[in-house]
Amino acid sequence: MQISRWLGIALSAGVLAVAGCGDEDDSGGSGASSDATAAPAASVEKFPADTTLGKIQEKGEITIGVKFDVPPFGVKNPQSGDVEGFDIEMGKAVAAKLGVKPKFIEAISDNRIPFLEDGTADLILSTMTINEERVEQIEFSDPYFIARGRVLVPGDSDITGVADLAGKNVCTALGSTYEANLKKQAPEAKLKLVDSYSECLELVQNGAVDAVSTDDVILTGMIIQDDTLKLVGDELTQEPYGAGIKKGDTQMVEFVNGVFKGLKDDGTWAKLHEQWIGKYTGEKGEPPTIGVDEAVELVKNN
Amino acid sequence: MLDVLTDHWSEFSSGFWVTVRIVVVSFGIAMVVGTLVAALRIAPVKWLQRIGGVYVEIFRNIPLLVLLFISYAGLRRADVNINAWVAGTGSLGLYTAAYVAEALRSGVFSVGKGQIEASLSLGFSYAETLRRIVLPQAFRTVISPLGSLTIAMIKNSAIIGVSLLALPDLLKQARIVQARTFQTDETFFWAAVGYLILTGTVTLIIRNLERRFAIRR
Chain P
1 MQISRWLGIA LSAGVLAVAG CGDEDDSGGS GASSDATAAP AASVEKFPAD TTLGKIQEKG
61 EITIGVKFDV PPFGVKNPQS GDVEGFDIEM GKAVAAKLGV KPKFIEAISD NRIPFLEDGT
121 ADLILSTMTI NEERVEQIEF SDPYFIARGR VLVPGDSDIT GVADLAGKNV CTALGSTYEA
181 NLKKQAPEAK LKLVDSYSEC LELVQNGAVD AVSTDDVILT GMIIQDDTLK LVGDELTQEP
241 YGAGIKKGDT QMVEFVNGVF KGLKDDGTWA KLHEQWIGKY TGEKGEPPTI GVDEAVELVK
301 NN
Chain G
1001 MLDVLTDHWS EFSSGFWVTV RIVVVSFGIA MVVGTLVAAL RIAPVKWLQR IGGVYVEIFR
1061 NIPLLVLLFI SYAGLRRADV NINAWVAGTG SLGLYTAAYV AEALRSGVFS VGKGQIEASL
1121 SLGFSYAETL RRIVLPQAFR TVISPLGSLT IAMIKNSAII GVSLLALPDL LKQARIVQAR
1181 TFQTDETFFW AAVGYLILTG TVTLIIRNLE RRFAIRR
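Listed in order, the protein sequences are those of chains P and G. With our numbering as the guide, the letters of the first sequence map in order to residues 1 to 302. With our numbering as the guide, the letters of the second sequence map in order to residues 1001 to 1217.
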């Protein structure tokens, strides 16, 4: 029941995505043909071979760490095996601008920063909030999306907001910003820190936890899978998502910022937002205009 | 190096004690259930032997992680209101019990058949033969394998924190510290030291027991 509904959604999402990327594996180098990532081959800028971007171009492939289980940002379509979502579209746009194929690998909250440090991934697009500690470890692009922290509970729960979480079991991902946020806003909540949000979904469905707290869009993805769940209370936090880049690689940062700015300016961002997020939340999204420093401030004031 | 440990002492020490509790409870379950299953396996009744055999095959052949998912996700979905502690120690204990049963069985079989026949012909009953002749010798033979199993169990306990159960054990706490500090090498070094303290203690206990009960052959 649960599974068939989820498959249905994944399938419909898949149909949408096919329009964008053809039917080969998730590489989608043909993404150049999609309107999302339209970049005439002639406009591909060549980078010197001793830079990261040059090396990526030489390899013909950029490895991008994304979530595999966080609809609507990065989710593996069980039918086609492709990963799809808003983060994936951002990654395809970057790859297209470089004239290379994107290769998507799974990066969970816990390993994405090590992946950048050890070179497993060239770029991280995995619903990663820009915050102070992370800015010390890696570089961030300007925010490409701003999520809001919310609380998700079963439909029959009497929890109405973060204030009711005292003494309750609350699930969130290990290594996510919510661990700290919840300790601050609901110090008496008992946190269950798991590796991925699909585990939180399982735990809230089987009653092992009373609530899940994370970004509204991730929670919306859970409601898409199980509409007996509901969002409650006001927004806890603002979470600007940025692309993660290896520390010190400012050329890459500038390049990615350029790609994102292009998407925001030419209306592609709004189109992708509607396709992947607006459709479910019923809200029209505005592309974020703030930079990394302002994003850090925003998060600090959460 | 040391500052990660001192700055996050509360996380490390609470994780350490959670791991100790998991290990002690699971060890108790493993020994009790393992002994019962071993008794079934060596019982002079065919169908009892078979029950013991089925237990061993089931619990030895399912990965621990799968047992954890069955106990915590599966049973809860079937409206069994099991908590993470029971699911975690139960899974680890029952899993290890299968190995304990096999170790005990092989220990019993290591006692020569001639001794049993001699004991019976001298007028000891079957129960007395087991208690006075077989088990004391079997126990000495299995000290070392049981020690290895206990050490394996301590290490297996780390899976509980990583799984859906998310118990705040030593590895879990280390990963929380790592996620906060990004001092990966230092954090996991101290986690490793924590596990080493536990396994080292077991090794010492085993060595002591072996020395005390050594059979001179």
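Note that these hints are calculated values from the structure, not bench results. It should be emphasised that the depicted structure is a prediction, and the values quoted were computed from it without experimental measurement. We treat Cβ as the ideally placed atom computed from N, Cα and C, and that holds for glycine. Do not take every clue at face value.
Partner residues aside, some chain G positions facing chain P, computed with beta carbon under 8 Å [stated by the list, open to error]:
id: 1; residue: Arg1060
id: 2; residue: Asn1061
id: 3; residue: Ala1073
id: 4; residue: Arg1131
id: 5; residue: Ile1176
id: 6; residue: Phe1188
Have a look at the derived ranges for each label pair, beta carbon to beta carbon [unchecked claim]:
id: 7; chain 1: P; residue 1: Gly167; chain 2: G; residue 2: Trp1009; range: 56 to 66 Å
id: 8; chain 1: P; residue 1: Thr160; chain 2: G; residue 2: Arg1060; range: 42 to 52 Å
id: 9; chain 1: P; residue 1: Lys59; chain 2: G; residue 2: Phe1188; range: 25 to 35 Å
id: 10; chain 1: G; residue 1: Val1193; chain 2: P; residue 2: Lys247; range: 42 to 52 Å
Do the hints match the structure? See the list:
no. : hint                             : result
1   : Arg1060                          : violated (26 Å)
2   : Asn1061                          : violated (24 Å)
3   : Ala1073                          : holds (6 Å)
4   : Arg1131                          : violated (45 Å)
5   : Ile1176                          : holds (6 Å)
6   : Phe1188                          : violated (11 Å)
7   : P/Gly167 - G/Trp1009: 56 to 66 Å : violated (26 Å)
8   : P/Thr160 - G/Arg1060: 42 to 52 Å : holds (48 Å)
9   : P/Lys59 - G/Phe1188: 25 to 35 Å  : holds (31 Å)
10  : G/Val1193 - P/Lys247: 42 to 52 Å : violated (29 Å)
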